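Asker: When the letters of the sequence shown are read in order and numbered with my numbering, they come out as residues 386 to 542.
The calculated lysine-lysine pairs, modelled on BS3-like cross-linking and capped at a C-alpha distance of 27 angstroms, are: (1) K392 - K458; (2) K387 - K469; (3) K425 - K489; (4) K392 - K489; (5) K469 - K425; (6) K392 - K425; (7) K489 - K387; (8) K387 - K458; (9) K469 - K392; (10) K489 - K458; (11) K425 - K387; (12) K469 - K458; (13) K489 - K469.
Per label pair, the in silico range of CB-to-CB distance: (14) Q482 - K392: 23 to 29 angstroms; (15) A510 - P412: 38 to 44 angstroms; (16) A409 - G431: 34 to 40 angstroms; (17) A455 - A510: 40 to 46 angstroms; (18) S503 - K387: 15 to 21 angstroms; (19) T433 - R410: 38 to 44 angstroms; (20) I460 - C430: 37 to 43 angstroms; (21) V417 - A513: 36 to 42 angstroms; (22) R410 - R435: 32 to 38 angstroms; (23) C514 - D451: 48 to 54 angstroms; (24) G431 - P406: 26 to 32 angstroms; (25) P412 - K392: 19 to 25 angstroms.
Treat the hints as calculated values from the structure; they're not laboratory data.
This one's a predicted model, so the numbers in the text were calculated from it and none came from an experiment.
C-beta: ideal position from N, C-alpha, C; glycine also.
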Amino acid sequence: MKVSELKHFLRSRERFTIALPDGARVPGHFHVTEVGEVTKNFIDCGGTLRRQRAVSLQLWAADDYDHRLAPGKLIHILELAEAKLGLGDLPLEVEYQGAVTVEKFGLEERDGELQLTSLVTDCLAREACGVPTEKFTSLSAFTAATAGGCTPGSGCC
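Build the full structure now, drawing on both the sequences and the hints.
Answerer: What follows is the structure, given as structure tokens:
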């Protein structure tokens, strides 16, 4: 999700919730403690120079249980950060306190709520560093190839 998509989502809501990947909810009294640009300059394992930019939102659940961040207030915070930091319409990442350390998530809209999504690593230079590219095998090809040799109740599977 990009900044513009989050603001569009928020404009049509009076309230919003944020779900963690495991289905638990970020407590409704959370604060957005930081909005910033994160720039990562790096070289991948194939030697290609790369640059990634994202807008980071840091969420924090305090002990002030009467607090509730309204959609309009979050839009204001985002627009203030855009103006003061010169942010572009960048992808969002969200930082949230896990059991042991701060965890980083993606963000998307699902079924009318915001969903924190798990992030994964990947090799960006598979051919250059010798990692084989995964080949997709369709389930129908597998079924067709084995259909003649195994039938239900035959004990072969």
